[in-house]
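Engineer: If you want the building blocks of each chain, they are given just below.
Protein chains: 2
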Amino acid sequence: MPDFFRSIDSAAVFDGSKPTKADLFLGRFLFVGLNCFEPGQSQKVHVHGGSDKFYLVVSGKASMIVGDQTREVGAGTLVWAPADVPHGVETALERTIMLVGMGPPPTLNRQPPR
Amino acid sequence: MPDFFRSIDSAAVFDGSKPTKADLFLGRFLFVGLNCFEPGQSQKVHVHGGSDKFYLVVSGKASMIVGDQTREVGAGTLVWAPADVPHGVETALERTIMLVGMGPPPTLNRQPPR
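As they're listed, the protein sequences go chains L and W.
Residue numbers for the first sequence follow this note's numbering, beginning at 5 and rising by one.
Residue numbers for the second sequence follow this note's numbering, beginning at 5 and rising by one.
Bear in mind the hints are in silico, worked out from the structure with no lab data behind them.
None of these values were measured; they are calculated from a predicted model.
Careful: at least some of the hints might be erroneous.
Repeated chains share a single entry, so a pair holds when one copy, or any two copies, can fit it.
[Unchecked claim] Computed cross-link-like contacts, DMTMM-like style, restricted to lysine to aspartate or glutamate with a CA-CA straight-line distance of at most 20 Å: (1) Lys65 - Asp7; (2) Lys65 - Asp13; (3) Lys25 - Asp72.
The shape of chain L in the complex, shown without the other chains (with noise of 0.2 Å):
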């Protein structure tokens, strides 16, 4: 049987070394996951094509980019990347946890969820 709840504290994770994904759920449609990142870290301007996307800022701090866009975020900003829009993050100014979801998912070679 399937389980359908997750703790987001339990499926973060963090490596000083670069910035972390975990997947949570991953269906035909959606996709939903953690980018987690230290203080420094980021994520570079990158694009999705034919792919919505945000993040949600759970807790930490970071400098974001969307389009022509670059604002300070903290817990509780909801970030929209839609489709072929640039979009990453510049710096983690705390350790941060963002959940991310994206619609269609993401065709990376990644594991189904646990």
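Once you've looked at the hints, dock chain W against the given chain L.
Structural biologist: Quick look at chain W alone, frame taken from chain L:
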């Protein structure tokens, strides 16, 4: 110029007579919004055919149903409702804010985000 950044706290609204919904972002492939509940309010079990959905409990506490599972959930719990799996909120146990995402977006007759 569209604004890619929104605050959950600023968007949350409550109504003592019924749960409320607030759209945050609506794209071609993904929708993100809020469901807000006062204690005792509920969302009846329902199904989305052809869309995966998640809820993130941002604050508060509720009893939620997905498939044959019922769970008491609090802040930081992610709830996954894949396409065609019945889901709902049995009851909110506290004033509760949930972030909700769905891909593809619901075909409800909603206004685009401001």
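Engineer: All hints are to be evaluated individually against the structure, with a verdict given for each.
Structural biologist: To see whether the hints hold, each was checked on the structure:
1. In this assembly of identical chains, the alpha carbons of Lys65 and Asp7 lie at most 20 Å apart only when taken from different copies (19 Å versus 30 Å within one copy).
2. Within a single copy, Lys65 and Asp13 get their C-alpha atoms as close as 16 Å, and across copies as close as 16 Å, so both meet the 20 Å cut-off.
3. Taking the shortest alpha-carbon separations for Lys25 and Asp72, neither the intra-copy value of 25 Å nor the inter-copy value of 29 Å comes in at or below 20 Å.
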